[in-house]
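Between the sequences and the hints, there should be enough to build the whole structure, so can you do that?
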Amino acid sequence: DSGVTQTPKHLITATGQRVTLRCSPRSGDLSVYWYQQSLDQGLQFLIQYYNGEERAKGNILERFSAQQFPDLHSELNLSSLELGDSALYFCASSDGTGFEKLFFGSGTQLSVL
Amino acid sequence: TQLLEQSPQFLSIQEGENLTVYCNSSSVFSSLQWYRQEPGEGPVLLVTVVTGGEVKKLKRLTFQFGDARKDSSLHITAAQPGDTGLYLCAGRDNQGGKLIFGQGTELSVKP
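Line by line, the protein sequences are chains A and B. Its first residue numbered 394, the first sequence is counted upward by one per residue in our numbering. Its first residue numbered 17, the second sequence is counted upward by one per residue in our numbering.
Hints may contain errors.
[To be verified] Simulated pairs of lysine-lysine, DSS-like, Cα-Cα distance not exceeding 25 Å:
no., chain 1, residue 1, chain 2, residue 2
1, B, 86, B, 126
2, B, 114, A, 494
3, A, 450, B, 86
4, B, 75, A, 494
5, B, 72, B, 86
6, A, 450, B, 114
7, B, 114, B, 72
8, A, 450, A, 494
9, B, 73, B, 86
10, B, 72, A, 494
[Said to hold, decoys possible] Just so you have them, the derived chain B footprint on chain A, three or more residues with Cβ under 8 Å:
no., segment
11, 433–446
12, 494–504
[Unchecked claim] Reference listing, derived: stretches of chain B covered by chain A, where coverage requires no fewer than 3 residues with Cβ under 8 Å from a Cβ of chain A:
no., segment
13, 60–74
14, 117–123
Because the hints were derived from the structure by calculation, they are not lab data. Every residue, glycine too, gets a C-beta built ideally from N, C-alpha and C.
Okay, structure coming up:
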């Protein structure tokens with residue numbers, strides 16, 4: 394158990410809909426990362442937050458947004474969903490210092506039908 | 017954009033065999049990590065290498081960081097079925113510090 398909790402584990406929705414994925418980091422970790430994993434693209438970095446502030450941004454679509462709350466949990470919002478958004482979405486946390494060791498959650502499997 | 021290329025993409029071997037997985041880039045990385053991912057789970061960190069030429073051993077796994085810090089390798093000795101999984105290398109981007117991943121090597125060790 395990595396200590397990172399992601400909910401829900403599975404999500405099935407239709408095109409055009411909006412969903413929210415939730416992540417609770419390990420106790421004491423200030424940094425939260427979001428990644429998207431698909432068979433053809435591999436593990437793609439979306440965005441990173443550190444203590445509530447955006448720290449780094451990857452190739453995150455404009456339809457996607459994220460935030461980190463004062464209690465350090467994070468949410469990833471995906472809107473106007475398309476078939477191609479179907480993927481495994483991972484959250485990871487770290488203490489945000491030095492050569493960071495990332496602890497990954499078990500992921501949310503999103504299926505857009 | 018810094019990219020990490022892993023080879024081979026797929027590897028199927030018999031228990032007891034040795035194998036090497038490669039992670040290459042044209043860019044220099046300040047550090048490089050190796051993760052292992054099992055089906056239905058998130059990646060788990062195996063090792064971090066930070067110095068050019070560094071070699072780290074973890075039981076039957078040997079990790080090496082290239083002298084120029086552009087490449088790395090993972091060597092497994094006497095592979096076991098429990099080594100089966102997706103092996104990912106990850107490097108810290110020099111621009112902004114985000115952690116980028118290679119495409120992964122899917123290893124299957126048959127008993």
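Legend entry - Agreement of residue 450 (chain A) and residue 114 (chain B) with the hint, judged by alpha carbon distance not exceeding 25 Å: Distance of about 8 Å is within 25 Å: holds.
Legend entry - Holds or violated: residue 75 (chain B) to residue 494 (chain A), with C-alpha atoms at most 25 Å apart: With Cα atoms ~20 Å apart, residue 75 (chain B) and residue 494 (chain A) stay inside 25 Å; holds.
Inset, instruction - For the pair we were handed, residue 86 (chain B) and residue 126 (chain B), check the Cα-Cα distance against 25 Å. - result: 32 Å, violated
Inset, instruction - Take the C-alpha atoms of residue 450 (chain A) and residue 86 (chain B), compute the straight-line distance between them, and say whether it is at most 25 Å. - result: Between residue 450 (chain A) and residue 86 (chain B) the Cα gap is close to 23 Å, so the pair holds against 25 Å.
Legend entry - Proposed proximity, residue 86 (chain B) with residue 72 (chain B) (alpha carbon, max 25 Å): 17 Å, holds
Legend entry - Hint consistency between residue 450 (chain A) and residue 494 (chain A) [alpha-carbon to alpha-carbon, up to 25 Å]: 18 Å, holds
Inset, instruction - Could you grab the alpha-carbon distance between residue 114 (chain B) and residue 72 (chain B) and see if it respects the 25 Å cut-off? - result: This hinted pair holds, its Cα atoms lying about 23 Å apart.
Inset, instruction - Take the segment 494–504 of chain A, compare each residue's beta carbon with every beta carbon of chain B, and decide whether three or more fall closer than 8 Å. - result: Since three or more residues must qualify, the claim that chain B covers the segment 494–504 of chain A holds, with 7 doing so at under 8 Å.
Inset, instruction - Examine the segment 433–446 of chain A for residues whose CB is less than 8 Å from any CB of chain B, and state whether their number is three or more. - result: holds (count 5)
Inset, instruction - Count the residues of the segment 117–123 of chain B whose CB lies closer than 8 Å to any CB of chain A, then report whether that count reaches three. - result: holds (count 4)
Legend entry - Whether chain A covers the segment 60–74 of chain B (at least 3 residues having a Cβ closer than 8 Å to its Cβ atoms): The restraint on the segment 60–74 of chain B holds, since 4 of its residues have a Cβ under 8 Å from chain A and three suffice.
Legend entry - Restraint status (C-alpha distance of residue 73 (chain B) to residue 86 (chain B) at most 25 Å): Holds - the C-alpha atoms of residue 86 (chain B) and residue 73 (chain B) are around 19 Å apart, at most 25 Å.
Taken one by one, the earlier hints fail for this structure only at number 1.
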